[in-house]
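Keeping the supplied structure of chain C fixed, place chain E upon it in accordance with the hints.
Here are the chains, one letter per residue:
2 protein chains.
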Amino acid sequence: MSGVLYAEDCGVNSSALSQAAATEMLDHLNPDVMVSTERVGRNENGIYYNMRGRDYGMGRARIDLLFDEAMVRGIPTLAVGDGGNEIGMGLVSDVVKISVPFAAPGDCPCGGGIGATSGADILMTAAVSNWGCTAICAAMAMRTGDARLIHTPKMEARMLEVMTANGLINSADGIIDGHVDGIRDTTHIALAELADAITRKALL
Amino acid sequence: MSGVLYAEDCGVNSSALSQAAATEMLDHLNPDVMVSTERVGRNENGIYYNMRGRDYGMGRARIDLLFDEAMVRGIPTLAVGDGGNEIGMGLVSDVVKISVPFAAPGDCPCGGGIGATSGADILMTAAVSNWGCTAICAAMAMRTGDARLIHTPKMEARMLEVMTANGLINSADGIIDGHVDGIRDTTHIALAELADAITRKALL
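Chains C and E are the protein sequences, given in the same order.
1 is the number of the first residue of the first sequence in the working numbering; add one for each residue after it.
1 is the number of the first residue of the second sequence in the working numbering; add one for each residue after it.
Same shape as in the complex, but just chain C (with noise of 0.2 Å):
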């Protein structure tokens, strides 16, 4: 099979299994290219940190490892991220551990900070991981010239409900809404309508 996999949908659950889980599934899958936002990554001690320093990594699949090998394979991969715990911000370690909190060596439990190891061939920081991925598909519309490849902000509105009734929660106030990093609904479907407005001005 070739396609995109998206990192999201893997179930690998655990260390032990996870890299030889991640050569199977990329044997299998072969994918032209894989595509990471705002997916967590171990720190140099193999830990996964959340952006406070609390280490969240039980019951998660490793993704990064995934990754990893992908990119020993030579497949193609971009990383989204915008707090320095996320696949790819290995790529700017030195600048993560002197300008986030909790990232300095000695800020968490292993002695170590939460920035992640693993790197991609392209990274891409955004303030909200969510908009650079809007910023992406703006991007890749006026590549193409295909209006159709617009983030609208009916799309990000409608991903929004389905995220909040399939229970996904807003880590920040740590209950279930629409809100992402702190921030509300609406602003999301805001930042969605000025990509959209200037991506389709542009195109005409």
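Same chains, same names: a pair is fine if it fits in one copy or spans any two.
Subject to a maximum C-alpha distance of 20 Å in a straight line, what follows is the list of computed SDA-like cross-link-like pairs (lysine to any residue):
# : residue 1 : residue 2
1 : 201       : 181
2 : 154       : 186
3 : 201       : 173
4 : 201       : 128
5 : 97        : 127
6 : 201       : 142
7 : 201       : 172
Because the hints were derived from the structure by calculation, they are not lab data.
Just chain E now, with coordinates in the frame of chain C:
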């Protein structure tokens, strides 16, 4: 009477009578501050040009004379503009002449350009004047710590609806709708949403 005099409220329709009317009006109202947004001012030859270099001064109140008189009297003036032909832009006339279409000497039928000669104590330039006003409201909310001064997306939507219901034209397309400066209404509402979200969070 002491209060805010909104430029758009004035009904002075003849250049010949305008200076006397401006004097009388300021004598009577004695405003604390005067605010102008996107209001055309005369060029160096006394002509009122739109952004395409067309004389559209016919039947138009000479509000710029009111602001000139206010500055002579030391009444604080604030002007917002986005095109170079508005009250306040006289402060940056050199930049307008070399940066704005139809603003260089000789670009207009009178031999001059569209650039306005009137200044202001404070000039705020913006990509769209309305956005500058939204930013001013945000700044006022921040200075006073009062979120009620925020120009909310709901207020923006209502404003565009009321303006449209009262027949104000979308000058870019020559029709009556909620578009402003060639940008659709949903984008202006989105801009207000971003300013609202940022300001409200900063005030927490």
